[in-house]
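**Student:** Put chain V on the given structure of chain C with help from the hints.
So the sequence lines, in the order shown, correspond to chains C and V. Position in the first sequence (from 1) plus 2 gives the number in my numbering. Position in the second sequence (from 1) plus 19 gives the number in my numbering.
Please note: incorrect hints may appear among the correct ones.
To be verified - What follows is a list of derived Cβ distance ranges for each label pair: (1) V:R371 to C:I129: 48 to 58 Å; (2) C:E155 to V:R441: 30 to 40 Å; (3) C:A49 to V:K354: 53 to 63 Å; (4) C:I149 to V:G372: 38 to 48 Å; (5) V:R441 to C:L154: 27 to 37 Å; (6) V:G440 to C:A49: 54 to 64 Å; (7) C:L154 to V:I24: 33 to 43 Å; (8) C:Q131 to V:N381: 37 to 47 Å; (9) V:N283 to C:D77: 44 to 54 Å.
It should be emphasised that the hints constitute simulated quantities derived from the structure, not laboratory data. Heads up, the beta-carbon is just placed ideally off N, CA and C, and yes, glycines get one too.
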Amino acid sequence: MMRAITKSAALCAIVALAACTNPNSAGQGGLFGGNSGAAGDVVPGSANDPRSPAYFQQAIGDRVLFPVDQSTLTDEGRAVLTAQAGWLMTNSDYLAVIEGHADEQGTREYNLALGARRANAVREYLIEQGVAGNRLKTLSYGKERPIEICSLEACYAQNRRAVTIISAGLTS
Amino acid sequence: MKHIIASLLLGLASLGATAPVARAQDGPLRIEITDGVIEPLPYAVPAFVAETGNAAQIAQDIARVVAADLSGTGLFREIPKEAFISNITNFAAPVQFADWKAINAQALITGAVSADGAGNIAVSFRVYDVFAGQELGNGLRFRGTQDGWRRMAHKVADAVYSRITGESGYFDSRVVYVSESGPKNDRKKRLAIMDYDGANLKFLTDSTSIVLAPRFSPTGDRVLYTSYETGFPQVFVLDVGSVTRRVLEAQSGTMSFAPRFSPNGQEVVYSITDGGNTDIYRMNIGTGVRSRLTSAPSIETAPSFSPDGRQIVFESDRSGTQQLYIMPASGGEAKRISFGQGRYGTPVWSPRGDLIAFTKQNKGRFHIGVMRTDGSEERLLTASFLDEGPTWAPNGRVIMFTRETQGATGSASLYSVDVSGRNLKPVRTQGGGSDPSWSPLQE
Numbered sequence: 003m004m005r006a007i008t009k010s011a012a013l014c015a016i017v018a019l020a021a022c023t024n025p026n027s028a029g030q031g032g033l034f035g036g037n038s039g040a041a042g043d044v045v046p047g048s049a050n051d052p053r054s055p056a057y058f059q060q061a062i063g064d065r066v067l068f069p070v071d072q073s074t075l076t077d078e079g080r081a082v083l084t085a086q087a088g089w090l091m092t093n094s095d096y097l098a099v100i101e102g103h104a105d106e107q108g109t110r111e112y113n114l115a116l117g118a119r120r121a122n123a124v125r126e127y128l129i130e131q132g133v134a135g136n137r138l139k140t141l142s143y144g145k146e147r148p149i150e151i152c153s154l155e156a157c158y159a160q161n162r163r164a165v166t167i168i169s170a171g172l173t174s
Numbered sequence: 020m021k022h023i024i025a026s027l028l029l030g031l032a033s034l035g036a037t038a039p040v041a042r043a044q045d046g047p048l049r050i051e052i053t054d055g056v057i058e059p060l061p062y063a064v065p066a067f068v069a070e071t072g073n074a075a076q077i078a079q080d081i082a083r084v085v086a087a088d089l090s091g092t093g094l095f096r097e098i099p100k101e102a103f104i105s106n107i108t109n110f111a112a113p114v115q116f117a118d119w120k121a122i123n124a125q126a127l128i129t130g131a132v133s134a135d136g137a138g139n140i141a142v143s144f145r146v147y148d149v150f151a152g153q154e155l156g157n158g159l160r161f162r163g164t165q166d167g168w169r170r171m172a173h174k175v176a177d178a179v180y181s182r183i184t185g186e187s188g189y190f191d192s193r194v195v196y197v198s199e200s201g202p203k204n205d206r207k208k209r210l211a212i213m214d215y216d217g218a219n220l221k222f223l224t225d226s227t228s229i230v231l232a233p234r235f236s237p238t239g240d241r242v243l244y245t246s247y248e249t250g251f252p253q254v255f256v257l258d259v260g261s262v263t264r265r266v267l268e269a270q271s272g273t274m275s276f277a278p279r280f281s282p283n284g285q286e287v288v289y290s291i292t293d294g295g296n297t298d299i300y301r302m303n304i305g306t307g308v309r310s311r312l313t314s315a316p317s318i319e320t321a322p323s324f325s326p327d328g329r330q331i332v333f334e335s336d337r338s339g340t341q342q343l344y345i346m347p348a349s350g351g352e353a354k355r356i357s358f359g360q361g362r363y364g365t366p367v368w369s370p371r372g373d374l375i376a377f378t379k380q381n382k383g384r385f386h387i388g389v390m391r392t393d394g395s396e397e398r399l400l401t402a403s404f405l406d407e408g409p410t411w412a413p414n415g416r417v418i419m420f421t422r423e424t425q426g427a428t429g430s431a432s433l434y435s436v437d438v439s440g441r442n443l444k445p446v447r448t449q450g451g452g453s454d455p456s457w458s459p460l461q462e
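In isolation and in its complexed conformation, chain V is listed as follows:
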């Protein structure tokens, strides 16, 4: 993979800063995401300065991607450049804070790009707390290849997001999902991978077999998914770099599905159906050694590890309807955690460990919701004809899911929503899409 090297910008600290005058907010520039931000924070991101003539276009493009990332969160509002009083033409020169205060830019992001003509670029940036008249954190420089410029833009945006919110970002990440085309009764499905914002789409399989529910490994290097290519649904593991795949659960004529990696990437939990009965199994992906975690005549499926690897949340209809349960990662007694009205499925443990996202079906509607791991504080984030299959952003603040519209022309597409329930929006894909899985932040 392409490596992006980050280094601190030293000796360039802005010395021209005047003492802080009026503050637009109390304390340092900060968005507390959990506080329920209603008013997005206004910021300015002028086109990055091209330090070499051949970097002019890419310098503009990088600033645009940074702005799209930040504004796309719903937490930030970009001030249009038509409002700018001054511009940034020299990355090293002191910032004229008064000009940015006048247009109420609470944060200012400046940057510079140079290209060496041999396919490598360097991207530098600084973030300013305009009303404090000082830099927020230190400047950083990323070096990488020119064709990886979008990743560098995402890294800049992640750093800005992180400095202002105190949370880690999620922009330098990818999504693997099922690309869909064709009518409902002849739907073609193939695995696709893209940047979290829909750029750099690449197909990982063709559409000759049904493929379902891809899941990233904890480092994003592999994908588990279910394919009908042998005639039966079976769990496969695919190497993202080489796009080679192998069947993981090869018992002839046996259905296996709903796989997920353990947090250390060495084990897989999934369902096997024997006769009409579906239970949860765990396999060491290196040795192929399998152990059975549930043995009930009911349906047990959709397992998901806790981030510490010690517990598994799953769905079961042992009570008569689909509900959520937690059991030790080695199997054993399970504790039911969902008690609201309706049915609960597809639980996914948050990467922060604090919440479980799920699909809820109630009174003919589908919802994406979250609850604490003891089942308390259930909150529904969406409602539609059919929402399902949540996946967490690497920072546990945003959830992506499948939304399917009803009727003969119904189709599936990807949506995202903040864990607060705000900022519901479609995710850009080429054609239809379902079953997203969000990667961790890339290295």
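Chain C on its own, in the form it takes in the complex:
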């Protein structure tokens, strides 16, 4: 998880750099900004830039949570994924890896399989919304990468997740 975040942060930097040296991209950023004045405030690649993975992560929301031992999407999860699908269809240069995770209450192998089910549930929903399947890979970390470390339901709930990590574009 830590490494994945570091990687996508590095990717943002590369995207930002590309945006800076590419007049078209900068122009598009301006057009997308819409209201004059605000465009100048948008740092390409930052969370303010709606085309950036950082924006996807922070403004759209990169993760959905699951009930205990379940891989069915909640209503809340579907709302986040609908927004994720919209972003992915707008920003069709990007690929995504969906990481499935489980809480620590389970055996190692089963949790790997359960994490894969969760990641796949997200992938299938995004495909239903119109995202091309060849842009979406899945992967499970089982219970190997918790983000919250207490042994209470409050932590477990955050760890039972599927996270959509935006990665290098199709054209890159």
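**Tutor:** For chain V alone, kept in the frame of chain C given last:
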């Protein structure tokens, strides 16, 4: 590998033995492990006799390792040397049984060590049934290299254990496991191998990628494990001697995990996840030819062969929760064997073929348990916040597993427990540890 050569000690039979007097037990000196031994058998193991001056230290060290092995089983109790009336200074001389009877040593183990100065040593030992006043079995001599002295000590202890219990031993064995360090949300994992008692630790991988659940081959020469080094969890096979590895299941972007060898070491069963669905596959490790053993929309994983190679026990949630099933080794109809409360996972067939060890999750607690292969006579051996992943000692009498403590500072460590449920204790490791796999007895 280092070879240890064993030979019988001939012509040294103790002739000074008097007729048996009082017996501390009926019949020959014997521990029936299945009888539920409550009182450990008292024994004495004086420092082994150094037959050459340069073997003095190693002679003492070997006796200490023998005692640690035997007492560590919980079946034997060492009599401290402060209680000794006489000592053993001449390995060939007749034993003064009265002196050992007086301190209630039911078994006496004597030994001698010589070193040739060129890195080789010879270790001889004898086991006596003190109250019978006679030797138990014949003396044996092991020859090997000096740096392999611990293995020779374990071989002595295995022979003693075997003669007194009638079971084969498990001390000359190794454990491969996942060495863990760092906090829960940034855990570093690397494969490590050590003697069963924690000595001779060696790392087999670095900690740059997550590694999971190593499994020994039936001869201990190779290890299957799951690694994220390609970015996806995939099954690797590692040669223990050369520490070289290769990916076994190389389908790009496909998760594979939970591997185990077949009893002949030529095949591997493991799980592949396709989309969200996990099933069990079998691969010939030489040809790479793969066959699919299960085809259900549920999770099928954690397969383990029966020792005769004809059946596979695995876990599946096809009924709605994790349960244990047995199917033919070529796939086909599976029969559910777990019917108690809660969820069952990580089944492992005993090397004796009689029992299946498993992890059970019930009412927020985890247990290591055993059941017969038809699911009957379930017994839970442990209970804690999180116990999982049993592995059998080569003689099928002891189980090692992972115990993880709860909370933000929680960590994993290795424990062992007798199949009787007694003698629960931590296994010595350097730092944290998980996912142990016990090797067979070494050649």
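**Student:** Tell me, in ascending order, the numbers of any earlier hints that this structure violates.
**Tutor:** Result: hint 7 breaks, nothing else.
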